[in-house]
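Enquirer: Take a look at the letters that make up each chain.
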Amino acid sequence: MVESMSGIPLDPFYGNELQPGEYPYTRGLHPSGYRSKLWTMRMFAGFGTANDTNARFHALLRAGGTGLSTAFDMPTLMGRDSDHEWAMGEVGRAGVAVDTLADMEDLFAGIDLGKVTTSMTINGPAAICMAMYIAVAEKNGVGRADLGGTIQNDILKEYQAQKEYIFPPRPSVRLVTDLIRFTTAEMPRWHPVSVSGYHIREAGSTAAQELAFTLANGFAYVEAAVASGLDVDEFAPRLSFFFNAHSDFFEEIGKYRAARRIWATWMKDRYGAANPRSLMCRFHTQTAGVSLTAQQPENNIARVAIQALSAVLGGTQSLHTDSYDEALALPTEKAARIALRTQQIVAHETGAASVVDPLGGASFVEWITDEMERQATEIFNHIDQRGNGAMLEGVYACIEDGYFVGEIADAAYRYEREVNAGRRIIVGVNEFTEGDDEETSLLSISHETEELQLKRLAQVRGDRDDDAVRASLAALIEAAGQPDANLMPPMIDAVRTYATEGEIVAALETVFGTYVETAVV
Amino acid sequence: MGEPPVNASLPPSAETEAPIRVVLAKLGFDGHDRGLKVVARTLRDAGMEVIYLGLRQTTDSIVAACEQEDADVIGLSMHNAGHLTLAPRMVQAVDQAGLDVPVVIGGIVPADDVPTLTDSGVAAVIGPGASAEEVVSAVKASVSRQAASQ
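Sequence order for the protein chains is B and U.
With this note's numbering applied, the first sequence corresponds to residues 65 to 585, in that order.
With this note's numbering applied, the second sequence corresponds to residues 2 to 151, in that order.
Keep in mind the hints are simulated off the structure, nothing from the lab.
Among the hints, erroneous ones may be present.
Which bits of chain B does chain U cover? Going by a derived footprint, with three or more residues having C-beta under 8 Å, they are [stated by the list, open to error]:
(1) 112-119
(2) 261-268
(3) 350-363
(4) 406-412
(5) 475-481
The C-beta atom is built at its ideal place from N, Cα and C for all residues, glycine as well.
Work out the full structure: start from the sequences and follow the hints.
Expert: Structure below.
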């Protein structure tokens, strides 16, 4: 029996109308909420070489983290090798450098991939990364069917917000659907797409835009996967979402509740899904990196705690809490531990996990949930019209005409002007600024990282069988030229020859081309 | 590679002197362009002419844009923790091209790195949370210092 701190027995939920676990899931996906399963405390980590990040993974697991989440460096995210001419200065800086299967082997050394679940935040080269993860696991005797986790693999928001694209949108979406088809057939525990609003919000959107653009992208992937020959109920249960937890507490909670309701109704009414799991919007949440201040950085601990609480009251399935020093650098181990402890305090001390959707029924919370849905619906209508009744085509059209980037840039500038004019107070930045004199100790990435990684890459290139690499890349290029071929099997063959990520991307570019953004201010 | 420049300039303000012409760009792979776009609009609203190069620029493409557009100042936005390598390379490329154009950096730059950057010739470093006035005055000051040193 669950009791309050004072010993009052508590029901799993309160209220007589719509209940948690009932369609359209506004109040939550499960009637018992966090009583049956707490959210996964999944801390994003990655820096330096694969060995550096491997050590951080082991530390997070020892501290009670329950899932891994991998941050890759910029060259890896862009599908280029550490020895690419643009990579200088970025190798291992903002995440871990992965060039070949050898790096992936080091990254997960000593971790039982059949036991932990892993999230990999990568998009343009997601299929390559997935292929490497499968190859590492199978080398260690864990079959692909036993692998659990998520790969972000959400390319559409890259053109809208995060800008880590490689190929143009259409062939990129083919890679996304190839991964959906492959995991549907062979990896029942894997989530092949995490449709992400996080980056849209970080780039400056409003909460309603984050909600609408993200779900529109989700609908687009559903249409693409159905067009590739899958039945909606075959893959929809393993789609997942990723939202931002920003500082406006109730607006964020309304956003999560509206997301569940919109997804369920669209999946049922528009896409004809019948399996209840296809209708459930499962999501990961991360606190808003953009809300962290470089001034008086310890104040960020309070911001993160409040944001984390909004995600929990909104019913998130997993959560990353940002570290207080991240407006300055990648987090130190101590800062990352405090961020994890913040989640543990919310989970075990506050009672927030005792009752499902405790704010449901509150007039303001219900109103802001409805308002989020209303604003999102206006945006869906615009995208749908641009696509002549198809969300996938509408998203393509709105990428092409600059709609998404324009809307996001306008919202970002509006916000900045409000802060600048003092209409919006940021504590320690434009108000209450005295007392910012303490030094914060920061993580610094050794200058040897780049050198070590380049040496490692050269060694791998030297040791491998180049004929096997060439043959595997030729097979991949041939498959890429056949629109119905699934690129995952030839991709797995290629990574096993220790072909580099950059070589695989270059091979695909010969068929797919390279995307160049038209800059819009 | 690199993306076509967008000339986002507005007509010059009523001020008597010619408006400052500023080239804004990001070097390398880093894709975080929220800050750069906000700075573009902020400087434009302050009467400057903004040549927005955007993402995935090289030191060569930035130098070429400066020459072509007769720029007074370069603004680089960096969120990839590569500033200690990349910013000095930008300053060097400007010097090698024989240009008298100051380089101003904005983004995620720890305070400890600022002296290293200014020693290497970076004109100003604008940190997170800077107000519009601070951004505008840092750009103006770097241009007038450069003019005074000629």
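Enquirer: Evaluate each hint against the coordinates.
Expert: Results for each hint:
1. 112-119: violated (count 0)
2. 261-268: Satisfied; 3 residues make the cut.
3. 350-363: holds (count 4)
4. 406-412: violated (count 0)
5. 475-481: holds (count 4)
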